[in-house]
Amino acid sequence: MKRLSRLSRLVILLLCIAIGVLVALQFKNVTEASRANVVDTASADELRDFVIDLQLANAELAEQNNRLRDNLRALQGEQEGDNVALNQVLEENRRLEIFAGLVAVEGPGAHITIVDGKNAKVDHNHLLTFVNFLRAGNAQGIAINGERLVAMSEILTTGSFPNQQIVINGNIISSSEGIYTIRVIGDPEQIASTYSLLGSYVSSLLVKGIGVSLEKVETVQLPALGKESPAYRFGLMTAGE
Amino acid sequence: MIRLPRLPDSIRVSLGRLLDRVRSRHAWFESPRGAHQVLVATLALVLLIVFVSAVGRSEQERRQISVAVDELSGLQSLIAEQQERNLRLEQEAVELGRQRDELVTRLLEESAFAGAEGQKALEDLALNRRLAQATAVTGPGIRLVMGDASGVEQGSGRSEDLIHERDIQDAINLLKSAGATAIAVNNERLISSSKLICNGPTILVNRNLQAAPFVITATGEPERLLAALEANERLLYLQLRGKEIHYHTADDLVIPAFRDETYIRTVTDLMVERSQP
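Each protein sequence line maps, in turn, to chains A and B.
In the numbering used here, each residue carries its 1-based index in the first sequence increased by 8.
In the numbering used here, each residue carries its 1-based index in the second sequence increased by 146.
Next comes chain B alone, as it looks inside the complex:
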């Protein structure tokens, strides 16, 4: 019980009313209805805070994703543009090379001033280009396909289900020992310094990434190449492990030329001819 000091009546009445009001509020708060309303209001407040924070976070994430998507799309466009340019430049290189070869041949064959030296130079050129793998070749041979175990999607799968550089390297070495005259992996012509490097699910052949299945084409005596593959235990082992291994002879293989003239210049700038002892 609050004891009020002696105050003027008007003030005592006012204070009395105020106290009554407070008591009535307290009663409202303690009533089931009042407590329910306070609880609902608090929940609404909490929900509002969560909602505002979620919207803010969501907006931030959306902006981040949008930036990433834009960047990836930009890079994709850039790659497509550069690939198109690459194709155009390669076609141009083939055409310019053809025009130059035609002109050189005409000048050396038809003009008297080049003489026998010119003829000899042209014959050497044909031979050297063949041995440097710089001439496309056609002829009989074998086509060997090596792929990952069935059901393996590109970019996934266990290591033991994939075809590795070593598997391809062994197959290539086998074909060379069986007398292959020219070899390509996924149409990438092998040269004296060709390397095979595993790069995730892909293999780098020369300077280009190749994905499974790897198609190895080799010109040579078809029956001899076939016999070498059939007798190879490693290929059989890979087949038994569920990997895609199949091969067949072919009469009309086309193996593209190695055309990276810049690379040839790089190599021949580093190495200098010396007289054989």
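Bound-form chain A, shown alone:
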């Protein structure tokens, strides 16, 4: 076999070194890329959004704690006749009653009307879908056909087609006309925007013959939760902490 020239041998040596260096550089890049993946699979944008949400939540918590400190200071300095403690409790009661749906309220929002079709009736799944979407659009208070939805409100369908009825808070809310009015308090624009996101769902109902419409309302009125309602349940609970 013919021997290679010195130049050829030198070139082959250089070639091997160059390939080695290239492989090493590529390996380093892969390792760095793996490190990037280890840091998090989430994109930087998602992480930035998460940081902003956390900062916002912390700012709200800090503000809440400042209010609590102010309340404590006012209580500590209470003199006979000031009624600081009583006023604080009455104010908290007022807010909690509104929040829990224990009193009738009003505010800006919208009415969504859903009407039975000839061959298709509205059932609890339809109402649950609307309610969940409205809550996603920051709905603060909701009532359906006069029944206020609270934390433990159920929405059920009883009976079978065509005699089915919808039950909320243990009460039948179905009307003989098959009309369901969802009254919702929240930012009307945000509610309308959320409703538009439900476009394909609304279309599927319209195809079945179920009518759906939205009306923005300046002042929506919601009733209080009935005191006889099963949603007033707390018998089995005992306060913790």
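Simulated from the structure, these hints should not be mistaken for lab results.
Each hint should be verified, as a subset may be incorrect.
As the list claims (entries may be wrong) - Anything over 12 Å on all C-beta distances counts as not near chain B; from chain A, calculated:
#, residue
1, Arg75
2, Asp124
3, Lys216
What the hints assert, rightly or not - Covered by chain B, according to a simulated footprint, are these stretches of chain A (three or more residues, beta-carbon under 8 Å):
#, stretch
4, 98-104
5, 108-117
6, 136-143
7, 153-164
As the list claims (entries may be wrong) - With beta-carbon atoms standing in for the labels, derived distance ranges:
#, chain 1, residue 1, chain 2, residue 2, range
8, B, Glu369, A, Gly219, 36 to 44 Å
9, A, Arg102, B, His392, 55 to 63 Å
10, B, Arg209, A, Ala82, 54 to 62 Å
11, A, Arg56, B, Arg304, 23 to 31 Å
12, A, Ile187, B, Ser305, 32 to 40 Å
13, A, Gln87, B, Pro359, 28 to 36 Å
14, B, Arg387, A, Arg81, 51 to 59 Å
15, A, Ser168, B, Glu241, 48 to 56 Å
16, A, Gln87, B, Asp216, 52 to 60 Å
Positions of the beta carbon are idealized from the N, C-alpha and C atoms, including for glycine.
Position chain B relative to chain A; hints supplied.
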């Protein structure tokens, strides 16, 4: 054959030598050895160009990756820092709330000037907090676990193998209709405006993202809650599709309070009490 003009001898000799040299070079080039060396030299040149360009590109990529890694690491540190602050602030809120409640109770119960109105206000406060889900509760109930199909890693998997918001929403509605008195999903207490929104493999409950498996705890009559779950066809269907569905009654569930006082203020600033018709 090149015909040279008549030139002085010295010049003719020099030109002759030059031509001989050119001929000899040409011969070298045409020889197998010469061609081999030229080929090797060309290859070496090409390799050098490729090498320099690869090193340049590699260095650029390395810098880009390094910047991305640094940014992600920075964000991670920031998240850890904010989460730690969040925990500290929440603990502080619990402690301040406890101190305030203690003081309010003492002032209204022990001081004569608050009188019967004070007592009534405290009783109403206890009831309102319970109904607003702002009090932690303990008691008997049921624990329902809903998870993605086995073998599905977080962040991956086909949609049909995952637990969706609708599955959880139906289970919660079922528990409410069976008389649940308080419900939490992954320790996030449900309130009147709680929403469940699918966000990739996670579900947003209230304002917090929760990942599978979803643990739903509900206080109420255990046997009644259990019977409702056992009779539910949708849960059975999910089980048959390979998803993780299991439940059991418990005597000592603890369901945390909803503590977002800022949210309560936001809601109650928007809604105004009116007299019931």
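### Query
Which earlier hints turn out false for this structure, listed by number in ascending order?
1, 9, 13
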